[in-house]
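Colleague: Listed below are the residues making up each chain.
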Amino acid sequence: MRIVVCVKQVGVLGDEVEFSDDGRSIDPEFLDFALNEWDWYATEEALRLREARGGEVVVATVGEERADSALRRCLAMGADRAVRIWHGGLDAQDPISIAHALAQIVEEEGPDLALCGVQASDTLDAATGAALAGLLGWPVVTVVTGLTCDPTSGTVAIRRELEGGLIEVVTASTPAVLTIQTGINEPRYATLRAIKQAEQKPLAVREIDQIEQAGAVIKTMYIPERSEHAEMLGGSPPEVARLIADIVKQRVG
Amino acid sequence: MPRDPRYDVLFEPVRIGPKTLRNRFYATSQCSGFGSDRPAMNAYHRAMKAEGGYAIVHTEWTAIHPEADEWPATTGRIWDDDDVRNWTLMCAKVHEHGALAGIQLGFNGKHTFNLEGRLCARGVTQIPSDTFWAHSCYEMTRQEIAELQEFYVVAARRAEQAGFDVVQVMSSHNAGIAQQFLMPLHNKRSDEYGGSIENRARFLREVTEKVRAAVGERCAVSIRLCIDTLHGSAEGIRVEEDAIPVVQMLDDLVDLWDFQVGGRTMAEWGDDAGASRFFKEGHELQYVAKVRPYTQKPIANVGRFVHPDEMIKAIESGVVDLIGNARPGIADPFLPTKIAEGRTDDTRECIGCNICVSRYEQHASIVCTQNATIGEEYRRGWHPEKFSKARNADNDVLIVGAGPAGMECARILGERGLRRIHLVDAQPEMGGQLNWVTKLPGLGEWAWVVDYRKVQLGKLKNVEFIPKTQLGVPEIREYGAEIVIIANGADWVASGLGNANDEPIPGTQGAPGHVLTPEQIMVEGKEVPGRRVLIYDTEGYFMGPSLAEKLARDGKQVTFVTSYPEVGPYMFYTLEGVRMNRLLHSLGVELVTHHVVSAIEPGTVTGERIYAEDKPVSWAADAVVLCTMRASRAGLYRELEADRAALQAEGVQALYRIGDCVVPRVVAECVFDGHRLAREIDEADPAVPLPFIRERRVLGKLDQDYDAVVGERGIDHKVSSLVQRV
Amino acid sequence: MMAVGGILVVAEQAGGELREATREVVSAAAALGDSLGGPVTVAVIGQDVDSLGLAANLEGVDEVLLVSTSSSEFESDTWRQVCGAMIAGRRPAVVLAPHSVNAVAWAPAIAAEYGFGFTSDVVSFRADEDHLVAVREPFAGKVRVDVGFPEQATSILLLRSGIWPAAKAPGSALVSAFDVTVDASRVRTRHEGFEEVPPGGPDLAKAPFILSIGRGIEDKDNVQLFADLADKFGAVLGSSRPLVDAGWLESSRQVGQSGAVVKPQVYLAFGISGSTEHLAGMRQSGLIIAVNTDARAPIFNVAHFGVVADAMQVAEELNDLL
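Residue numbers (the working numbering), protein chains in the order written: chain S, 1 to 253; chain D, 1 to 726; chain V, 1 to 322.
Quick caveat, the hints were computed from the structure, so don't treat them as lab data.
Only a predicted model underlies this, so the values are computations on that prediction, with no experimental measurement involved.
No false leads were slipped in.
With the C-beta cut set under 7 Å, the calculated list includes, among others, these residues of chain V facing chain D:
1) Asp245
2) Ala246
3) Gly247
4) Gln257
5) Ser258
6) Thr276
Label-pair distances were calculated between CB atoms; the ranges are:
7) Pro18/D <-> Ala246/V: 36 to 46 Å
8) Asp80/S <-> Asp554/D: 54 to 64 Å
9) Val523/D <-> Val261/V: 18 to 28 Å
10) Ser69/S <-> Glu341/D: 23 to 33 Å
11) Asp32/S <-> Gly530/D: 48 to 58 Å
12) Ile167/S <-> Asp643/D: 44 to 54 Å
13) Asp32/S <-> Ala246/V: 31 to 41 Å
14) Gln313/V <-> Pro5/D: 24 to 34 Å
15) Glu186/S <-> Gly588/D: 40 to 50 Å
16) Thr148/S <-> Pro5/D: 48 to 58 Å
17) Val523/D <-> Ala227/V: 18 to 28 Å
18) Glu199/S <-> Gln224/V: 52 to 62 Å
Backbone N, C-alpha and C fix where the C-beta goes; we use that ideal spot for every residue, glycine too.
Produce the complete structure using the sequences and hints provided.
Modeller: Structural data, given as structure tokens:
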């Protein structure tokens, strides 16, 4: 079987931030870059499926050259090939636009499964995987915490985690998009040898055929005006306890 | 990151007489064990605190006259003009970094070895010292008192010549003769220097007056005063009856007060340099608070102030004006700078293990569990915050074992820019044996050794921590590292083997359920059967006593048997011994010294008393815990090392080992071992430590010759150019 | 396809009940309807839609659509078809739903397929001269972005829970059925059932609710009260570092830079002053409430709500209350 894992090199913001000249994104000088946490788990899950069933794991990303290091991480874990796709005019902060680019790769590769992380830790859309499925015309199951795949029958048995920790059991037919939740497995660590060998594995670079309309466009990015102080609640201990209980209840439901 | 504005108060200048402190960080007098005969070691050590942001750095207690000769303990000396030449180096280096230099003038009288000069010390009353055996002093006449005061004056003038900004008269730690005058325990005089508090304070008042008259216009004058010897001791010093009147009488004579508390014997100065086992941050403030109303002068006080939140609390309460640091400045000389820059997550917190003190108590020089560069600033050229790029940085490193040695090695290699460093451990967390040792009663703060490194390693992009991974010989060879470092630790033995038993103790074979090791209890959670436990300790440090405390608190009836004359003898060096023994007594632990165990049977342990081996002794015990020795896990390194060809075939170019897996030792030495290897990883033979500079007299060698040696190593230590002609 | 107008809310249920998150979206829809104009319609999808439809008939709702499907539980492919059909039929300007595990399984899919506007995890919105602007918080809330949508197309917004109030008062909406023929051959997922979740040890990193204690609780013996309180809240008990150092709690409970870094929905801090080390470990929590006797404690700089009081007293009262 072939599995495509769609990964992202995310930005990690420290204590200081400045914005790009157009005021719509963060100046990369103020970002560290790392493989998205969810994508460790998605890659590991793909590797386990390959170990059980044979086949090939391809990691794909939409990004500029620095995203190669994220792909190499996945190759070091054991993925077979990597593909990066990019276009200078792409709105990298819009999940629909990203999904279009990914769809180009997935259609080329024709896998049984496309795995994505539930979300990226920087943009937090949780949408790219489902958008990809919409473009491919494939089923999508989100927030997967367990899965077994039977490629001969073309079905996947899935557990997913709903709000409140409730676990739902779902079956899906392949090809399908699955968005993978953290904790589904224990991602393996790459040895130094594997990291070195990953440098030699194939990493192809593609250009996006056509830039599609974005689902949303960032008009401006700014630092939220936050009051630097808590709203103080007054009253006697019983009164304050009541207030706390109410606030919590409203939040948690 | 900008600092929290609440901490701004710590960076306010404070006026002290003719001088001004640039902030409130006050590095107190602190024994280093280098002494004034190793002027560069001392100067570079002290200067590091100045560079790190302290407003003032003091010498250790400095003897003013050959009659107070401390050898083999190494303290400062200011006896003659040659000493002055050596002290100018410290002053110059401290001034270079914008701090003031302070000297603590001391004369300890009977509490002095006097083994080098073979003089007799003058004293207050002829009562033998409780610090030494068969050792006393001669009782001073008025003339001899005046002479002694003149010694202080001469020393103060020499101090000014050397460049010191602050001259401190020592009346603390039971040592200084001024304190001996103050304590009825030592002072039975019937003349005007004994009796009432006014009389007992006369010496201190006169000597401070004279010192002030001699140097007070240009130097600030301070007194380090013990304000309470604790335990309500009427024969010692009590805050209300003694310290307050002294402060009232002498307030005009000082530009600042430096207060401390301590027990009534020299052995109990651990009440001041309190180990974290027994003392929390700021533990002396409650005493200082009582004295505060009686003086407007700035007050400095220690109490292992580590956290800026505690510091500002102390300042804002008004009780202290200056944060006194000795040990925290050892663990991190850059504590003030890191707080100033809002980098509190980069601070190495003093864990209060008192390893530093324990080295001084053994007449060696200090080391630090948290800071491997202590004592190495000059002789190895190590700076705690600066690291050179390794010449062989283009290599990958595998470190097997993420305990103290492995973590420190990874950290320094990371700082030195090695390409990729994988720190691998079988456990889910880094920390090695500290992860369970810190669960023993009172040792929770030792976890800060791990916390600091965890945070720092997390910031190093070239270091990756890989948990839950056990690597065997083939995996290590094939891992892909050019440099492999084994740091896999040691284990307590279950056989009773140790320095008192050279064969396994009969009854320990076959892992019976009633014979346990510390790991079996703390890590595996094995049940300690029955109610009566016998702990057999021939190791001599904290494991046996800590387990005794833990098991007693768990409700066991504990018998502690040790071959040594003391329970936990090394703990007397860390100044925990007195309190630990009191604690174990209060918990009902039966303490048995001078005994060796010779056989263990279910329900009974037999042994014999040292010097009376012909009469066997036995104890009833349902369980026995053996704290006799740790054995290195030497096998892994040995097996790798035995087949160098196999290593090379896989691309491994170098194999090293560090920490307990070489020799089990205190954490400070494991951290040092990892640190040293990393500092010297690009030398010709990193396994062999480079020679360090030995400060000593070499016939025909000059300062310039020392400089040539350090110049080769690229260390900036031009001693000769810094010494001023006196 | 051009949008015409109005706001469509796609409702969610759990255990046969309308989800609280949907009530919040209804409030948001009503507010948006006031500024953008157009009717507010709520669609309930499932088997027993009549009772859900009743529950969805809330103040501010103009119309309730009952969409019958063969499954009472969510099915992504079914909902993609149903919602696609509803949007094609009704041409709403805006479609609103909660930012939920299920909504992200249909909304982005049809948005991509049909070229709708789309954004998720919205924390607020406004109408800037008839143009809808949504606000979201990438980078864990360190920054905010204003986003705009393609002209004339329907836009789908998924709203973050816990921000808008939950609509409770009943309304007088027009209720009708919306018929959709679902192409079963294109339903390629199937709900099989739910599973019991077995209880586990403290997993701070995943806990949605953490109750943490610090030195302000003063005595080791007081730990039990807070452990009980945590249980009552359904929270995991956490701790600041000093209590772990002192041996009052295991290190697995430590929240902080060198302990666990957590991002729960709710973080209750009792007797914690808020050292830099601790704040680094919890400041990204969704809702932070802190109780401390020191009004200047740094924790109040990151908390959303604060109480200057004795931790024990407040905890005892809460314990009685719950």
